[in-house]
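Visitor: Make a model of the complete structure from these sequences and hints.
Okay, here's what each chain looks like letter by letter:
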Amino acid sequence: MYEVITRSLRQLVDFTDEELFLFMQKLKPLKLKKHELYLKEGQVCKKMVLVHKGGLRYFSRGAKGDHTIGFAFEGEWLGDYESFLLQTPSGCIIEALEDCELYTLSYLDMQALYQHSQRFERFGRIMAEQLFLATAKSKSNLMLQTAKERYIALLTSQPQIFERLPQHLIASYLGIQPQSLSRIRADVAKIRLT
Amino acid sequence: MNDPQHLENIEGFIKQIVQPNAEEWAAFADIVKAKRLKKKELLLEEGQTCNFIAFINSGVIREYSFQNGKETTVDFVSENQFITDYQSFIMQTPTMQYLEALTDVDLLILKKDGINSLFDRYKVWERFGRLIIERVFCGVEAKRKKIIATTHEEQYRDFAAAYPQIVQQVPQYYIASYLGVTPEHLSRIRKKT
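Sequence order for the protein chains is Y and D.
Using the working numbering, the letters of the first sequence map in sequence onto residues 1 to 194.
Using the working numbering, the letters of the second sequence map in sequence onto residues 1001 to 1193.
Treat the hints as calculated values from the structure; they're not laboratory data.
Incorrect hints may have been included.
Dumping the calculated DSS-like pairs for lysine-lysine here, alpha-carbon to alpha-carbon at most 27 Å [stated by the list, open to error]:
hint, chain 1, residue 1, chain 2, residue 2
1, D, Lys1145, Y, Lys46
2, Y, Lys148, Y, Lys137
3, D, Lys1015, D, Lys1033
4, D, Lys1143, Y, Lys139
Guide: Put into structure tokens, the structure is as follows:
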């Protein structure tokens, strides 16, 4: 894991060995059981989490059911980054989809790293830029694409999700009812055959 | 060189976020250029690669694009705010956005080369860049969550509360396209709220 993380950090910024060691020291292990909550509605997201094993779901609760915002599996970071940055209460929930082994990085440790050197500032900027790009794309897809287009995009970009998640969560992520998802799946399967 | 008056607003804005010393501030002031747009003039158009971030001293700019062949308003930005197409600016890919002056606009332009050189030379400017893009991220994330979890009525109510001036200043059909509804639907929403 150490290797995997430090390599991915070096891809973004030219860190020294000392800086990488410092970063790794700040990561704290955490285990969650399936269905356990990492973040509850109304809590401040004080730590970002890196998934080592397992998977997490990020969602909000509405009057007509859950709205799934996203997922994270092995090697991916998750948190309510908005709540983390502003240190304000989150309106969202993060739940373990499976038994999970995680690493966490706290807000205070992140601030200490920013103080430590310009390279950590740059790392923080690049992370925020990448999250911005992903979020902006997701937002415009939600506004412009039909549910079927979103389904096909998900199938192409994250096919592994379909093996790990129950249908009702995929439907919730696409913003549709499970029945509509079955219909779309049948449609798309037909297109692929012909 | 810049008229120091032009930098008054941006200096106030920046110093709420970071505290550059005299040398760092001079290096920043050095990359800034003032620019004026007439009403309806374009600051950016589809196909160009966005190589600047602008700061609005006065006026309102509308951000729009053509989506499925239909002109759609993405955002309104007014004084004391930064405006750019961050996607095109970060990736250096052609933009799909238009940035149009809705009124006469006074701007400051910061070019990407100049910004990158500030990032390389000064920790304080790298930090400022991080804090700005974090804010931009929070803005788009809040909008995305809203689209996921709320109705058009709720979105209009929040928009009108956040930008009471823009609701007065801007034609209704722009606001309708911003919310992704027809102008008729928007006038029904307005009657209800």
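Visitor: Tell me, in ascending order, the numbers of any earlier hints that this structure violates.
Guide: Of the numbered hints given earlier, the structure breaks none, since each of them holds.
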